[in-house]
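Peer 1: Now for the letters of each chain:
There are 2 protein chains.
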Amino acid sequence: MTIHYPNGQSPVPGQAAAKATPGPTSFADRGMTLEAEINASNDYYLATGQAVIHKKPTPIQLVKVDYPKRSAAVVREAYFRRPSTTDYNGIYRGYYIDFDAKETRNKASFPLKNFHQHQIDHLAACLKQGGICFAFIKFTRLDKHFLLPASDLIAHWQAQATGGKHSIPLAVIEQTGVPVAYGYHPRLKYLPAVDQLIARQKGAASNEQ
Amino acid sequence: MTIHYPNGQSPVPGQAAAKATPGPTSFADRGMTLEAEINASNDYYLATGQAVIHKKPTPIQLVKVDYPKRSAAVVREAYFRRPSTTDYNGIYRGYYIDFDAKETRNKASFPLKNFHQHQIDHLAACLKQGGICFAFIKFTRLDKHFLLPASDLIAHWQAQATGGKHSIPLAVIEQTGVPVAYGYHPRLKYLPAVDQLIARQKGAASNEQ
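Chains as they are written, first to last, in the numbering used here: chain P, 1196 to 1404; chain H, 1196 to 1404.
Accuracy of the hints is not assured; some may be wrong.
Treat identical chains as interchangeable: a pair holds within one or across any two.
[Claimed, not checked] No farther apart than 25 Å at their CA atoms in a straight line, the calculated lysine-lysine pairs in the BS3-like style are these: (1) 1264 <-> 1308; (2) 1302 <-> 1339; (3) 1397 <-> 1323; (4) 1339 <-> 1297; (5) 1384 <-> 1397; (6) 1264 <-> 1323.
Keep in mind the hints are simulated off the structure, nothing from the lab. Note that the structure is a prediction, hence the values are computed from the model and not measured.
Make a model of the complete structure from these sequences and hints.
Peer 2: Encoded structure:
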């Protein structure tokens, strides 16, 4: 089977091609499309005063910075660092919102290897403080989006250690997650799905009392 | 008077020295000491499960990135971008926390030029959503720290446009802000001051009803 990449061409081996269209082993721009969509939604929500949610900048380890006279500092050597938190956070209706955006080309399940231990730990810590935490998952080939509550994600993550599956079946995500609908403004209308997560979390909290 | 820098040496002029210890006209590491102290406090609060508050990475505009074979990507040309938000945010006791850290060497007042319009706008937007927002101000030569509520900061900022002062007198900050005490673990014990801001904001909200 020949896999055709978004530009409609098969990947060409070699240095130049690797830069322009990273092959299947590169994770550099995984989730880029979803990120762009979420960023546009966040811009809209910010402009309309509905929520203040931002993507955090990618952390960079600076090694060499030049300070030319009368012009801006130039980074000459730096490396990408692994973030210690999730990519997105902010505030909505008084609630602390925290999530990471992940895409998968799978059609039947979401592979847990998309997450790292430190992200799971971060989500668990925010959840403990009463935050609204989730994974924003896109099944790219199905064009389906879901908010999966962090509590469910963490349960599946932990189950791996005791022989659980390394992925979450789509059917499970359809049951425990909340679907995100496409709209016009914004295109990815995800705050109504967040409203459902808030209602659910408040319901769970009052049941515990 | 000879000013001795943290390494105990006077600054030496020249390119190499400029890199290691930027002179007094550089704004690159303004607030570095306060930032280091806050970061250490945040690490402690995270480790002890009291709060999840992080400094956001500095946004960088990438221009040239090399992808050497079999080794990590290297940034070869990049520039610092002005952040569109404040430096710190997170969650504490279910509350969204948002602040910026600013140092001044002044002894009698805090100059408002330490802030930029976009930071004021961001704090106002977060405040509208019900966040606990403030400026974490250090008077370095007095070794005094305060949390100044964002609502006060914004009021002073806006007053400038109609002939108000360009700085906030220390006496005013001592009245409207909350002092932060030095402790042992963590050294900058600022969550008790945040507790006071939360109580004050909740009181104001219930008075409005």
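Peer 1: Work down the list of hints and note, for each, if the structure agrees.
Peer 2: Right, here's what the structure says about each hint:
no. : hint          : verdict
1   : 1264 <-> 1308 : between (46 Å within a copy, 24 Å between copies)
2   : 1302 <-> 1339 : within (10 Å within a copy, 57 Å between copies)
3   : 1397 <-> 1323 : both (14 Å within a copy, 22 Å between copies)
4   : 1339 <-> 1297 : within (12 Å within a copy, 44 Å between copies)
5   : 1384 <-> 1397 : within (22 Å within a copy, 31 Å between copies)
6   : 1264 <-> 1323 : neither (49 Å within a copy, 42 Å between copies)
In summary, the one numbered hint that this structure violates is 6.
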